[in-house]
Amino acid sequence: MNNFLKRVNLNLVIILLLLSQFIIFYFNSPTERTAFNNRSDSLEKFTTMISNEKGVDIITSDKMIKINDDKTLLIGNTSLKNNEYKISSQNVTVDSQNKITSSSDKTQTINDQGTLKSEGFEYDQNTDIIKFNGESEFYSNED
Amino acid sequence: MKIKISLIFFLFFSYSESFSESYIKASNGITWDKNNMTYSAEGNVEFKNDEIKAYANKMKAFYNIENEKEVFEIVNLDTDVKIYYDNEIFSSNSATYNKLSSLITLYGDVSIVSPERYLSGDELIVDLKNNTRTLKTIGKESLAEALIKDE
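Chains A and B, in that order, are what the protein sequence lines are.
Take the first sequence: its position 127, counted from the start at 1, is 127 in this note's numbering, and no numbers get skipped.
Take the second sequence: its position 64, counted from the start at 1, is 64 in this note's numbering, and no numbers get skipped.
Derived from the structure by calculation, the hints contain no laboratory data.
Some hints could be false.
Think about it this way: if two alpha-carbon atoms lie no more than 30 Å apart in a straight line, the pair counts; the simulated DSSO-like pairs of lysine-lysine are [stated by the list, open to error]:
| hint | chain 1 | residue 1 | chain 2 | residue 2 |
| --- | --- | --- | --- | --- |
| 1 | B | 60 | A | 99 |
| 2 | A | 117 | B | 129 |
| 3 | A | 54 | B | 34 |
| 4 | B | 82 | A | 81 |
| 5 | A | 54 | B | 69 |
| 6 | B | 48 | A | 106 |
| 7 | B | 25 | A | 81 |
| 8 | B | 34 | A | 106 |
| 9 | B | 129 | A | 131 |
| 10 | B | 25 | A | 86 |
| 11 | B | 25 | A | 99 |
Which chain A residues face chain B? A few, computed with CB under 8 Å, are given here [as the list claims (entries may be wrong)]:
| hint | residue |
| --- | --- |
| 12 | 22 |
| 13 | 105 |
| 14 | 128 |
| 15 | 139 |
Ideal Cβ placement from N, Cα and C applies to all residues, glycine included.
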């Protein structure tokens with residue numbers, strides 16, 4: 001009789017364990033699916049480091065929105081920093097297809113030699129030339 | 001007390017002068033070409049360094065790095081050029097300022113205005129180091145050249 005009871009209890013424990021496994025599996029699955037469906041193409045307080053042949057570019061922004069595979073918007077305060085200069089601006093567009101990064105908002109660029117203020121900028125990665133648009137002034141600490 | 005105040009003023013202005021900056025200002029933007037080490041500017045351009053102050057509609061400045069600081073060595077100015085040097089004003093259609101050779105060369109409708117004189121011609125070479133001005137006037141069949149040296 002005792003043996004019978006022991007066997008029944010053991011079976012009951014196994015059944016309960018299987019049942020709990022099933023419950024865990026059942027309740028976990030939808031959560032995973034939801035997380036996948038809500039995957040976002042925007043990031044708050046975004047920071048990324050891009051390594052290239054000239055060094056490392058550090059891009060920080062209040063918010064990053066990926067429009068499509070070629071275009072990314074960096075909303076709010078944005079800075080692009082490397083070992084040669086730091087560009088601080090707002091609402092920057094990164095066109096990775098044409099390799100152009102630009103903004104129409106007030107921009108401040110600091111390099112080892114001075115400070116350049118402008119009403120916007122356009123950086124062409126192909127030519128490595130930065131155009132500072134609108135009223136612009138560059139002050140160099142020469143002496 | 002007066003001596004102390006004078007000394008403070010003197011030190012303050014000496015300090016400001018020693019940190020006088022070079023600058024480029026433009027209303028239609030500045031382009032920085034890192035590889036060729038140039039700044040190009042367009043629209044009501046204003047350029048200043050420790051020697052001259054210049055105005056033009058277009059400018060291209062070539063710089064070099066000396067002691068980790070940018071030094072504008074050659075500045076090409078184009079259209080409605082006005083260059084201020086001490087008490088002289090040089091005007092022309094275009095000009096080149098070469099800091100290394102201490103020369104300013106002006107081309108087209110050139111004029112020099114100073115408290116002592118007004119001269120005009122077609123080409124002017126201003127030698128800042130030797131303090132000479134060479135003005136050329138090119139006629140159809142003649143060339144007039146004047147060397148002006150202020151002692």
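Each hint tested on the structure:
no., hint, verdict
1, B/60 with A/99, "25 Å, holds"
2, A/117 with B/129, "34 Å, violated"
3, A/54 with B/34, "13 Å, holds"
4, B/82 with A/81, "37 Å, violated"
5, A/54 with B/69, "21 Å, holds"
6, B/48 with A/106, "23 Å, holds"
7, B/25 with A/81, "24 Å, holds"
8, B/34 with A/106, "21 Å, holds"
9, B/129 with A/131, "35 Å, violated"
10, B/25 with A/86, "20 Å, holds"
11, B/25 with A/99, "28 Å, holds"
12, 22, "64 Å, violated"
13, 105, "14 Å, violated"
14, 128, "6 Å, holds"
15, 139, "5 Å, holds"
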